[in-house]
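S.K.: Single-letter residue listing:
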Amino acid sequence: MKLRAGLLAAAFAMVAPAAMAQQGTLRVGMAAQDMGRLDPHFAVSTIDRVPMPWMFNGLVRFPPGSIDAAAIEPDLAERWETSADGRTWTFHLRRGVRFHGNYGELTADDVVFSLRKAANAQTSAFSADLRAIETVEAVDPYTVRIVLKENVPNLLGILTNYAGGFIVSRRAVEERGDGFNRAPIGTGPFALERVTPNQSAEFVANPAYFRGAPQIARISYRFIPSDASRDLAFQNRELDLNYGRSDQTWVNRVRQQQGVTVDVFEPAELAIINVNVTQPPFNDIRVRQALAMAVNRAELVRWRGQDTSREGQSLVPRGYLGFTADNGLLPHDLNRARALLAEAGYPNGLTVRVVHTQLPEMLAAMQVIQQQLRRAGITLDLQVVEHATFHQQIRQNLSPLVYYSAARFPIADIYLTQFYHSRSIVGTPTAVTNFSHCGMADAEIDAARVSTDRAEQLRLWATAQRKLVENVCGIPLIETLLVFARRDNVDYGYQLRGSLSLGPQITEASRLR
Amino acid sequence: MIWFVAKRLLAAVPTLLAVLTVVFIIVRIVPGDPALVILGDQATAEAAAALRTRLGLDQPMWVQYWTFVSNALTGNFGASLVTGRPILEEVGAVLPHTIDLTLASMVLGVVVGVPVGIWAALHRNRAIDVAARLLSLLGLSFPVFVSGIYLLLLFGLHWRLFPVIGNADLSDFGDRLHKVVLPAVALGLTMAAYITRVTRSAMLHSLGEDYIRTARAKGVPWRRVVWVHGLRNASLPVVTVVGLYVGILIGNSVLTEIVFNRPGLGKIIVGALNQRDYAMLQGLMVIYCFLIVVVNLVTDLLYGVMDPRVKQA
Chain A
1 MKLRAGLLAA
11 AFAMVAPAAM
21 AQQGTLRVGM
31 AAQDMGRLDP
41 HFAVSTIDRV
51 PMPWMFNGLV
61 RFPPGSIDAA
71 AIEPDLAERW
81 ETSADGRTWT
91 FHLRRGVRFH
101 GNYGELTADD
111 VVFSLRKAAN
121 AQTSAFSADL
131 RAIETVEAVD
141 PYTVRIVLKE
151 NVPNLLGILT
161 NYAGGFIVSR
171 RAVEERGDGF
181 NRAPIGTGPF
191 ALERVTPNQS
201 AEFVANPAYF
211 RGAPQIARIS
221 YRFIPSDASR
231 DLAFQNRELD
241 LNYGRSDQTW
251 VNRVRQQQGV
261 TVDVFEPAEL
271 AIINVNVTQP
281 PFNDIRVRQA
291 LAMAVNRAEL
301 VRWRGQDTSR
311 EGQSLVPRGY
321 LGFTADNGLL
331 PHDLNRARAL
341 LAEAGYPNGL
351 TVRVVHTQLP
361 EMLAAMQVIQ
371 QQLRRAGITL
381 DLQVVEHATF
391 HQQIRQNLSP
401 LVYYSAARFP
411 IADIYLTQFY
421 HSRSIVGTPT
431 AVTNFSHCGM
441 ADAEIDAARV
451 STDRAEQLRL
461 WATAQRKLVE
471 NVCGIPLIET
481 LLVFARRDNV
491 DYGYQLRGSL
501 SLGPQITEAS
511 RLR
Chain B
1001 MIWFVAKRLL
1011 AAVPTLLAVL
1021 TVVFIIVRIV
1031 PGDPALVILG
1041 DQATAEAAAA
1051 LRTRLGLDQP
1061 MWVQYWTFVS
1071 NALTGNFGAS
1081 LVTGRPILEE
1091 VGAVLPHTID
1101 LTLASMVLGV
1111 VVGVPVGIWA
1121 ALHRNRAIDV
1131 AARLLSLLGL
1141 SFPVFVSGIY
1151 LLLLFGLHWR
1161 LFPVIGNADL
1171 SDFGDRLHKV
1181 VLPAVALGLT
1191 MAAYITRVTR
1201 SAMLHSLGED
1211 YIRTARAKGV
1221 PWRRVVWVHG
1231 LRNASLPVVT
1241 VVGLYVGILI
1251 GNSVLTEIVF
1261 NRPGLGKIIV
1271 GALNQRDYAM
1281 LQGLMVIYCF
1291 LIVVVNLVTD
1301 LLYGVMDPRV
1311 KQA
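Quick note, the sequences are listed as chains A and B, same order.
Letter by letter, the first sequence follows residues 1 to 513 of the numbering used here.
Letter by letter, the second sequence follows residues 1001 to 1313 of the numbering used here.
It is worth saying that the hints were derived from the structure and are not from the lab.
Incorrect hints may appear among the rest.
To be verified - Which residues of chain A face chain B? A few of them, derived with a C-beta cut under 8 Å, are:
id, residue
1, 31
2, 35
3, 37
4, 127
5, 193
6, 235
7, 358
8, 360
9, 364
10, 383
11, 384
12, 405
13, 407
14, 429
As the list claims (entries may be wrong) - Now the stretches of chain A that chain B is said to cover, found in silico as 3 or more residues with beta-carbon under 8 Å:
id, segment
15, 53-59
16, 173-183
Because the structure is a prediction, the values reported are computed rather than measured.
Yeah, the Cβ is synthetic: ideal placement off N, Cα and C, and Gly gets one too.
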């Protein structure tokens, strides 16, 4: 580890003049015990995702602070063109982009290797995202050609600085093997110096960064699982950035501190109750409708907080490309809910056994819903289990109702495919997270994915949402936004409205005042 | 002495094997899939299956058990399923922090608990005794996560004497000492409360014995009677409790580590359990078990030093 730090330092010393401008250590407090895997293609937890854009780039990127798919801009590729049928894409790489340490210049070979690695289930957790890619090849050292099996809603989206889109050094992966997970090499503004298990990860500025040397010299990314202790450390000025709680009381309390700003940003996690339409009593649509009408979204938002949450309006989060609020969502109506239950043969209400996690935030939300449903005569018998157990049991169809909260790449296709396409039904070989066993919108979801006509695509996604909502495959609850607190000495260099890495991007323009 | 130590260490081998077996079975009985934890919720079933194969989790149970035991016997505990880091490297990075905390808490517990217990016994049923008993009850009733937060608020935030983030630089003794104070107080006071009660009761028993009366009748100074004749005979139950409590301290350190942001074995074990990191859990159990065996051995050796009858037996 020391040797690697030495090599990094030596390599960076060669560009010392640029480093002169760097100053200070940005101290970030994260609600986690330790990092998991630092290979960007395995970075699935929040703690692992946050620093990925600090270390890596994609061919293209969301502008820092944004998750607007329409604003995607060049990153490692300086330009690109597509064939008339939209299935062949040619990317022209920037020249002179260098990997951290002594791993040399980025070439098309690294890009081809990275995308193939990301598309392989053996070497990536995001292989499903790149399923549509047929071939990736290097035309010359600075040109990459991608051929698709079929059209995808947004190829650029897949190639952004997010999930499977990150580009790694081929030589580093081949040299380090499994060790790449602990010592990754990218092209980003910061390089990993070391990870101290259960304590922190330390990053140093990459003065050779192709957009210019970062203004911050170091980032100390500290793992502090206790919310109370992390808040105290932030209050005590031992941290500059603090992972926040999506909770109004927390936001209000932190906002009262002097010299502190609370950033609330996208993507929102949409919480949904997924209803297994194949299991009694929910195979009767009247029972599902009663369930939907018993839920009071406005009350949930009042409980969670006006600044950090908003009502769910569809089975796709708001702001995602293809989202529509015009989908026949049932309003809150207790009388109608009770009447529907009686009509379905449950005049005295019913009791449902539901598996749920003990994670405090999710459990608290479910307890509020439990109370709401009780008013309509639906009693949830919550079987509270440890979180890993919850994830396993809901994939074994042990719970007819599954509370699930998630954010995805902001295009309707991803959410609809993973949660409501029959290919994703849990318990099947191609399972992802379809807990409702609904497949009634498969045709629209598939057709929208390959459509080259954007208007047609939007219409198909809208139809899919209407079918799924009207059939009560899931009940949208609330959308919860991300929260970070920062001391006013931190200037991101952009306005933080959204971040797909689930935390602030620290760029070459970020600085400590 | 050497033979005694060797015998005790050999006797620990079956205990370690039994613990290993139980842990191996329990972590696999508990529901939860490490592949899902590692790959996240967007992974396909195919990707999860591929990872299970890579990690060897699709092997028959007896093959996994044999691999684990044979590797463990050669000192190879493998790598964490989640981080991929060697387990001994992860443990080695945090073990000094756990030892610092355990030793500091134990010293504090003994240094405070024993004199207060003696003092209370010497002033039986008087104000001092009542105060000591009340304080020890309070110490036992206050959970570390409450006392820890109060200590941080007072000494960290209000008076700014100690940092809130307590991960010390291991190469800097001053920093280690500075950062162990608050957690050791939080953890050590509970131990002190317990030791106070045990010492008090052992001293009361000892002071009522015939040899104390004889010593006093022979004109031995009271101070000597208490500290030499009384305390030496009362120390056996105290040593037993301290020995037992060190094991508890190692286990209880998890909350202290979380509240004071200290790295340590307790924190790793909770993380490993949450993430279904079988390899890490198994490795940690062996190390925990070994530590407890060593502590018990030291306790037994101390018996011999304090009471010659034990050595003769």
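S.K.: The structure should be examined with respect to each hint, and the outcome stated for every one.
M.R.: Here is how each hint holds up against the structure:
no., hint, verdict
1, 31, "violated (11 Å)"
2, 35, "holds (7 Å)"
3, 37, "holds (7 Å)"
4, 127, "holds (6 Å)"
5, 193, "violated (15 Å)"
6, 235, "holds (6 Å)"
7, 358, "violated (10 Å)"
8, 360, "violated (13 Å)"
9, 364, "violated (19 Å)"
10, 383, "violated (12 Å)"
11, 384, "violated (13 Å)"
12, 405, "violated (10 Å)"
13, 407, "violated (11 Å)"
14, 429, "holds (6 Å)"
15, 53-59, "violated (count 0)"
16, 173-183, "holds (count 4)"
The structure shown violates the earlier hints numbered 1, 5, 7, 8, 9, 10, 11, 12, 13, 15.
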